[in-house]
Amino acid sequence: GAGVSQSPRYKVAKRGQDVALRCDPISGHVSLFWYQQALGQGPEFLTYFQNEAQLDKSGLPSDRFFAERPEGSVSTLKIQRTQQEDSAVYLCASSRSQNNEQFFGPGTRLTVL
Amino acid sequence: KNEVEQSPQNLTAQEGEFITINCSYSVGISALHWLQQHPGGGIVSLFMLSSGKKKHGRLIATINIQEKHSSLHITASHPRDSAVYICAVTKGGGSEKLVFGKGTKLTVNP
Numbered sequence: 471g472a473g474v475s476q477s478p479r480y481k482v483a484k485r486g487q488d489v490a491l492r493c494d495p496i497s498g499h500v501s502l503f504w505y506q507q508a509l510g511q512g513p514e515f516l517t518y519f520q521n522e523a524q525l526d527k528s529g530l531p532s533d534r535f536f537a538e539r540p541e542g543s544v545s546t547l548k549i550q551r552t553q554q555e556d557s558a559v560y561l562c563a564s565s566r567s568q569n570n571e572q573f574f575g576p577g578t579r580l581t582v583l
Numbered sequence: 798k799n800e801v802e803q804s805p806q807n808l809t810a811q812e813g814e815f816i817t818i819n820c821s822y823s824v825g826i827s828a829l830h831w832l833q834q835h836p837g838g839g840i841v842s843l844f845m846l847s848s849g850k851k852k853h854g855r856l857i858a859t860i861n862i863q864e865k866h867s868s869l870h871i872t873a874s875h876p877r878d879s880a881v882y883i884c885a886v887t888k889g890g891g892s893e894k895l896v897f898g899k900g901t902k903l904t905v906n907p
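One line per chain: the protein sequences are A and B, in this order.
In terms of my numbering, the first sequence is residues 471 to 583.
In terms of my numbering, the second sequence is residues 798 to 907.
Source of the hints: derived by calculation from the structure; they are not laboratory data.
Keep in mind it's a predicted model, so treat the numbers as computed, not measured.
Glycine included, C-beta positions come from ideal geometry on N, C-alpha and C.
Simulated crosslink set (DSSO-like; lysine-lysine; CA at most 30 angstroms straight-line):
1) B:851 <-> B:865
2) B:851 <-> B:888
3) A:484 <-> A:527
4) B:851 <-> B:902
5) B:888 <-> B:899
6) B:899 <-> A:527
7) A:527 <-> A:548
8) B:899 <-> B:852
9) B:902 <-> B:865
10) B:899 <-> A:484
11) B:899 <-> A:548
12) B:851 <-> B:899
13) B:888 <-> A:548
14) A:481 <-> A:548
15) A:481 <-> B:902
16) B:888 <-> B:852
17) B:850 <-> B:865
18) B:899 <-> A:481
19) B:899 <-> B:865
20) A:481 <-> A:527
21) B:888 <-> A:527
22) B:850 <-> B:902
23) B:865 <-> A:527
24) B:888 <-> B:850
Over 12 angstroms on every C-beta distance to chain A, these chain B residues come out as not near it, computed from the model:
25) 808
26) 809
27) 813
28) 816
29) 861
30) 872
31) 873
32) 905
33) 906
34) 907
Short derived list, chain A residues pointing at chain B, Cβ under 7 angstroms:
35) 501
36) 513
37) 515
38) 518
39) 571
40) 574
Throw the hints in and build the complete structure from the sequences for me.
Here it is as structure tokens:
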């Protein structure tokens with residue numbers, strides 16, 4: 471593919487529902503990042519994969535958040551029992567290898583009612 | 798205090814003006830990034846730099862490692878430059894994650 475893709479682009483969930491957000495990185499990119507961007511704020515780091523290994527999950531706000539990248543390509547961010555404060559844009563980025571430019575997807579806008 | 802601070806928070810300019818956005822950081826870094834985000838759109842990487850100066854078209858980015866400061870300049874600004882410009886750093890030490898500033902919202906009027 472030409473770039474990083476994310477799906478769905480928009481998601482509305484009722485409080486308490488589980489959601490799954492998908493990221494397809496650029497083919498061959500080793501590193502994959504998830505960021506959360508609240509309205510009017512800069513993005514904040516959630517978690518990072520190098521191939522299938524989750525090397526840093528220090529930014530995940532609670533144990534309701536879980537991310538995986540089982541085959542080192544596509545990644546899924548899962549949020550269980552969504553809360554209103556989870557409403558944000560979830561951005562995925564990938565890079566070719568360590569210390570390289572990160573390429574961002576269009577984001578998934580999650581609204582929890 | 799945030800590790801990455803940007804100024805100004807909002808900036809309005811007339812078409813053709815020279816624009817400067819500033820970024821200061823308080824941690825050791827391996828690289829500094831300037832990113833552009835259009836309303837409702839994704840983020841595009843403009844520059845990644847660890848020293849000196851880079852130029853791409855009408856955009857120039859500089860960094861002073863000793864002063865922990867970077868600037869993004871836009872020459873001959875145009876309304877299509879209207880966007881949020883975000884400064885971010887990679888802290889290094891094996892960590893690749895980006896630490897972001899809050900962004901500068903630029904509006905260029907015709």
